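> With these hints in hand, go ahead and build the complete structure from the sequences.
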Amino acid sequence: METLSLLASGFTVALTPLNLSLLFAGCFVGTLIGAMPGLGPVNGVAILIPLTFAFGLDATSSLILLSAVYFGTMYGGRISSILLNIPGDEPAVMTTLDGYPMAQKGQAVDALALSGVASFVGATIAVIGLSLFAPLLARAAIHFGPADYFALYIMAFATIGGVAGVDPRKTLLSALIGLMIATVGLDPISGVPRYTGGNFHIYDGIEPIVALVGLFAISEILMLLEKHIKDRVGAIRVDGWMPSLSTILSTKWAMVRGSLIGFIAGVLPGAGASLGSVMSYSIEKQASDKDGTFGQGDPRGVAAPEAGNNAASGGALIPMLSLGVPGSGTTAVMLAMLISLNVQPGPLLFERQPDLVWGLVASLYMANVTLLILNIPLIGIFTRLMAVPTWALMPIVAAVSFVGVFSISNSVFDLEVMIAFGVIGYILRKMDISLVPLVLGLLLGGDMERNLRRAMSISDGDWSILLQSWISITLYVLTLAFLALSVWLAMRSNKRGKSRRFEA
Amino acid sequence: MTSTRLLAAVIFVIAAVYTWYGSTYSVAFGDVLGPSVFPVIVGIPAMLLSGSLVVFPGGGIDWPDRSHLFRQAAAIAVLLGYAWLLTPLGFPIATFGLIAALGAVLGGDPLKSVVLGVVMSLALWVMFDQILGLPLAFLGSIFGG
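Top to bottom, those sequences are chains U and V.
The opening residue of the first sequence carries number 1 in the working numbering; numbering runs sequentially from there.
The opening residue of the second sequence carries number 1 in the working numbering; numbering runs sequentially from there.
It is worth saying that the hints were derived from the structure and are not from the lab.
Since this is a predicted model, take the numbers as computed values, not measurements.
It is possible that some hints are incorrect.
As the list claims (entries may be wrong) - If you want a taste of the chain V side facing chain U, the calculated C-beta under 10 Å gives, among others:
{"hint": "1", "residue": "Ile14"}
{"hint": "2", "residue": "Tyr25"}
{"hint": "3", "residue": "Asp31"}
{"hint": "4", "residue": "Val32"}
{"hint": "5", "residue": "Val42"}
{"hint": "6", "residue": "Ser52"}
{"hint": "7", "residue": "Phe56"}
{"hint": "8", "residue": "Asp62"}
{"hint": "9", "residue": "Gln72"}
{"hint": "10", "residue": "Ile76"}
{"hint": "11", "residue": "Leu79"}
{"hint": "12", "residue": "Gly90"}
{"hint": "13", "residue": "Leu102"}
{"hint": "14", "residue": "Ser113"}
{"hint": "15", "residue": "Pro135"}
{"hint": "16", "residue": "Gly140"}
Using N, Cα and C, we set each Cβ at its ideal position, and we do this for glycine too.
Following this line, the structure appears as structure tokens:
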């Protein structure tokens, strides 16, 4: 009951004219970003963060905008999967398997509508889960001391790279590079300048927002330039939007199963939306593929991964808000924004700023309804805008990134830092080093060091304090188990000679 | 393989220099751990991991061919040029240059890229400066703007 009254007060926050218009704008922009091949949730959210700063939005409004964009990209990603056979973003890869064949059979309208409904079901189940479980997790996390937080951060770094066959050395190295960058600037406790080379621009440290726009948006342009850009095959035409209701109803269990699996994948650290949709699809295939119709346009093969990736993206907000540890790349980027606005996510957030948490939850319920309308009756807008070619899209993306970063502080130095991080990001991506752990290290580094030093002050320099509580021991054991699992998976997939990355 | 080794070696050297510098920071009193321990805790594993990538690279890199490398270099030059010319030229002119040049580098038809640059630089200026209220200079410092 307490949850309901908190939620009601959340709706009063979410229903202010400013927050409502941000919500609608975010849903629209998000669906568009998701639908455009080449722009995924991480890049989309990263580009928009500097703009929320430039406009001076408060933390609640910024978070509402970015979460609406995040949810929107998850809805939008399916559109190009179904019509072009090109996933609009990484989590939508699985939707191509049955979505495109359905469209080829002339059922494009059904495929789009049922995946829209599946997205709605998945995301709504996730938001209900968020309303119920996030406060519980936050209540448990209040018992964490400084040493336990240090252990939690170690676990976050070890797990954020995901389990899916990437070399775990590279994931950890990426996190360490992020931590190295985080120590640049004045030491927060003693005031000693570290690694500044006397350059006063970086006494305050590297601004994470500037770095991550470079890492994600600018490096994406460099990635695009290394391929020969060719014209895409024409999209399958869509006439009308009225789907056949019986097709949608026939997939209801696939949607529910996909949502639950995706939600669990989203809450777990390091899994995220891509793994959510992969797991939902493969489990649905095992459960329902009796006649071998999966892969040839089976509606259940469209419903399950779409419900899964949307549920996972909602689930990923839970550890981010209640522990301050993001479960996916996009939530890591959102964490960057909150930290830059001096909002420290974690258990105390639920006590100190209930308006922010419950305002966000309330607007996510409304975002889902908005997105359902945008993505079924108004789908025509996006199928037209999707035709914008890459050569025209990316320069505009670059210009918007520059506007955002430049208007934070009108500093040319920031723009140079952004470009430099674009090049660094490109080189690391070429080395198959995921950028998400780096961002996490850059963000959490300061806090991690403070917690370590606080713990050591309490113990007067005795390192055994790090292993004195059951919470931290449990966390270290989980971390080791996870690392052992990912090393094992990496060796196995090395044998198969195949590796795939899951970041979003 | 070789380029992974080379880049890992570069990271190793950076981590080593980082650790060495980090170990020199000190304060006289008041702080049990001091500013140097955390950089050392971070730097040494970074040296170990990058060192292990030098020895066992675990996969090579497919670099783009020469013409694509040239395009990438051109794109970086355009971006840097924009960063340096934004204040002198003002938003619409600099942004026109950015969009038109990047459009062409990305393989768009040159004429279409120029048209896109004209339209979008003005549209973005109107949207951000006029509608959304984000101040962006119309004319740059060399025009006395």
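> State for each hint whether it applies.
How the hints compare with the structure:
Interface hint at V/Ile14: satisfied, since its Cβ lies 8 Å from the closest Cβ of chain U, which is below the 10 Å cut-off. Interface hint at V/Tyr25: satisfied, since its Cβ lies 5 Å from the closest Cβ of chain U, which is below the 10 Å cut-off. Satisfaction of the interface hint for V/Asp31 is found here, the shortest Cβ-Cβ separation to chain U being roughly 5 Å, below the 10 Å cut-off. Contact between V/Val32 and chain U, as hinted, is supported at the beta carbon level, the nearest pair being about 5 Å apart and thus within 10 Å.
Hint status for V/Val42 relative to chain U: holds, with the closest Cβ pair at about 5 Å, below 10 Å. Because the beta carbon of V/Ser52 sits about 6 Å from the nearest beta carbon in chain U, less than 10 Å, this interface hint is met. Evaluation of the V/Phe56 hint against chain U yields a held restraint, the C-beta minimum of about 9 Å falling below 10 Å. Look at V/Asp62: its Cβ gets to within about 8 Å of chain U, closer than 10 Å, so that hint holds up.
A hinted interface residue such as V/Gln72 counts as satisfied when its beta carbon comes closer than 10 Å to some beta carbon of chain U; here the least separation is about 5 Å, so the hint holds. A hinted interface residue such as V/Ile76 counts as satisfied when its beta carbon comes closer than 10 Å to some beta carbon of chain U; here the least separation is about 7 Å, so the hint holds. About 5 Å separates the beta-carbon of V/Leu79 from the nearest beta-carbon of chain U, less than 10 Å, and the hint is met. A cut of 10 Å between beta carbons decides the hint on V/Gly90: the least distance to chain U is about 12 Å, and the hint is violated.
With a cut of 10 Å, the hint placing V/Leu102 at the interface with chain U holds, because the nearest CB-to-CB distance is about 4 Å. Proximity of V/Ser113 to chain U holds as hinted, the smallest CB-CB distance being about 7 Å (cut-off 10 Å). The interface hint given for V/Pro135 holds, since its Cβ lies 8 Å from the closest Cβ of chain U, which is under the 10 Å cut-off. Annotation: V/Gly140 was flagged as interfacial toward chain U, and the flag is violated, the nearest CB pair being 12 Å apart, outside 10 Å.
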